[in-house]
Amino acid sequence: AQSVSQHNHHVILSEAASLELGCNYSYGGTVNLFWYVQYPGQHLQLLLKYFSGDPLVKGIKGFEAEFIKSKFSFNLRKPSVQWSDTAEYFCAVNADDKIIFGKGTRLHILP
Amino acid sequence: DTGVSQDPRHKITKRGQNVTFRCDPISEHNRLYWYRQTLGQGPEFLTYFQNEAQLEKSRLLSDRFSAERPKGSFSTLEIQRTEQGDSAMYLCASSTRASRDTGELFFGEGSRLTVL
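Respectively, the protein sequence lines represent chains A and B.
Take the first sequence: its letter number 92 is residue 92 in the working numbering, and every next letter is one higher.
If you count the second sequence from 1, you need to add 1000 to reach the working numbering.
These are calculated hints, taken from the structure and not from any lab test.
All values reported here derive from a predicted model rather than from experimental measurement.
All residues carry an ideal CB built from backbone N, CA and C; glycine is no exception.
Incorrect hints may appear among the rest.
Quick list of the computed label-pair ranges, beta carbon to beta carbon [as the list claims (entries may be wrong)]: (1) B:His-1010 <-> A:Ser-18: 33 to 41 Å; (2) B:Gly-1003 <-> A:Asp-97: 38 to 46 Å; (3) B:Gln-1017 <-> A:Ile-60: 35 to 43 Å; (4) A:Gly-62 <-> B:Arg-1015: 45 to 53 Å.
Here are the simulated SDA-like pairs of lysine to any residue, each with C-alpha atoms no more than 20 Å apart in a straight line [to be verified]: (5) A:Lys-98 <-> B:Ser-1066; (6) A:Lys-103 <-> B:Asn-1030; (7) A:Lys-103 <-> B:Gly-1040; (8) A:Lys-98 <-> B:Gln-1041; (9) A:Lys-98 <-> B:Ile-1012; (10) B:Lys-1057 <-> A:Gln-2; (11) A:Lys-103 <-> B:Glu-1044; (12) A:Lys-103 <-> B:Ser-1066; (13) A:Lys-98 <-> B:Asp-1007; (14) B:Lys-1057 <-> A:Ser-3; (15) A:Lys-98 <-> B:Phe-1065; (16) B:Lys-1057 <-> A:Ala-1.
Just chain A, with the same shape it has in the complex:
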């Protein structure tokens, strides 16, 4: 069965620190991979996606993610976080027309 595993449930960082959130997926076919973000009080929205081509994808607000096929990973990174990045982040995979989500990582940025 398809699944997505996020390594960290809760991350606390200070502003300007670097961020890396881990994500591994389990799916045997061609994958589309995503990171969605949910800011406090708002709905889920797409942060970035990998469909094909360059495995390093750039998203909104300075986020990027790298698809490493051999490791079944799609880690999210940002070199310098801001207080406004406080949110919950979900890794997801498109498997057989369904989007399967991980359990999420709650990121808290200290000002």
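Assemble the complex: chain A is given as a structure, and chain B must be docked to it using the hints.
What follows is chain B alone, placed relative to chain A:
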């Protein structure tokens, strides 16, 4: 507002009652998804439609749950004989035929169900 809208935003009900949620997708989107999210968990897939056809239902969707999309536009999710374990946020999302291939979903703000 041209985004996905859900109604009601919050429903409190007693165990055993029936509830119905409505989702209005973005108008040109032909795919509509329902997810359930509980505290500390990511969205769990329940079912999805392409136009009016229900293409897949998760095993999470017991016989007490039914979803419809009668004219390929809005959708309803009904839960009969609610149980306390049904308490969750019910999320609706839609996508276009083009974004189907990339899987970009546009989410509504959700309907929160509390079963007492």
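Results of checking the hints against the structure:
At about 38 Å, the CB distance of His-1010 of chain B to Ser-18 of chain A agrees with the hint of 33 to 41 Å. Restraint check, Gly-1003 of chain B to Asp-97 of chain A: a C-beta distance of roughly 22 Å breaks the suggested window 38 to 46 Å. Checked against the hint of 35 to 43 Å, the C-beta distance between Gln-1017 of chain B and Ile-60 of chain A comes to roughly 41 Å, which is consistent with it. Between Gly-62 of chain A and Arg-1015 of chain B the beta carbons are some 47 Å apart, a value that agrees with the proposed interval 45 to 53 Å.
Distance restraint check for Lys-98 of chain A and Ser-1066 of chain B: the Cα-Cα separation of roughly 18 Å lies within the 20 Å cut-off, and the hinted pair is therefore satisfied. The straight-line distance between the Cα atoms of Lys-103 of chain A and Asn-1030 of chain B is roughly 27 Å, outside the 20 Å bound, and the hint therefore fails. Of the pairs offered as hints, the one joining Lys-103 of chain A and Gly-1040 of chain B holds, with about 7 Å between alpha carbons and a cut-off of 20 Å not exceeded. For a cut-off of 20 Å, the pair hint linking Lys-98 of chain A to Gln-1041 of chain B stands: about 17 Å separates their Cα positions.
The suggested pairing of Lys-98 of chain A with Ile-1012 of chain B is violated, with an alpha-carbon distance near 29 Å, which exceeds 20 Å. Restraint check: the Cα-Cα separation between Lys-1057 of chain B and Gln-2 of chain A comes to about 15 Å, which is no more than 20 Å; the hinted pair holds. Only pairs whose Cα atoms come within 20 Å are accepted, and Lys-103 of chain A paired with Glu-1044 of chain B is accepted, the gap being roughly 9 Å. This hinted pair does not check out: Lys-103 of chain A and Ser-1066 of chain B have alpha carbons roughly 25 Å apart, beyond 20 Å.
Between Lys-98 of chain A and Asp-1007 of chain B the CA atoms are separated by roughly 23 Å; this puts the pair beyond 20 Å, and the hint is violated. A C-alpha spacing of about 17 Å is found between Lys-1057 of chain B and Ser-3 of chain A, which places the hinted pair at or below 20 Å, so the restraint holds. Taking the CA atoms of Lys-98 of chain A and Phe-1065 of chain B, the gap is about 19 Å. The hint holds against a cut of 20 Å. The hinted pair formed by Lys-1057 of chain B and Ala-1 of chain A meets the criterion: a straight-line CA distance of about 15 Å does not exceed 20 Å.
Comparing the model with each earlier hint shows violations of hints 2, 6, 9, 12, 13; every other hint is respected.
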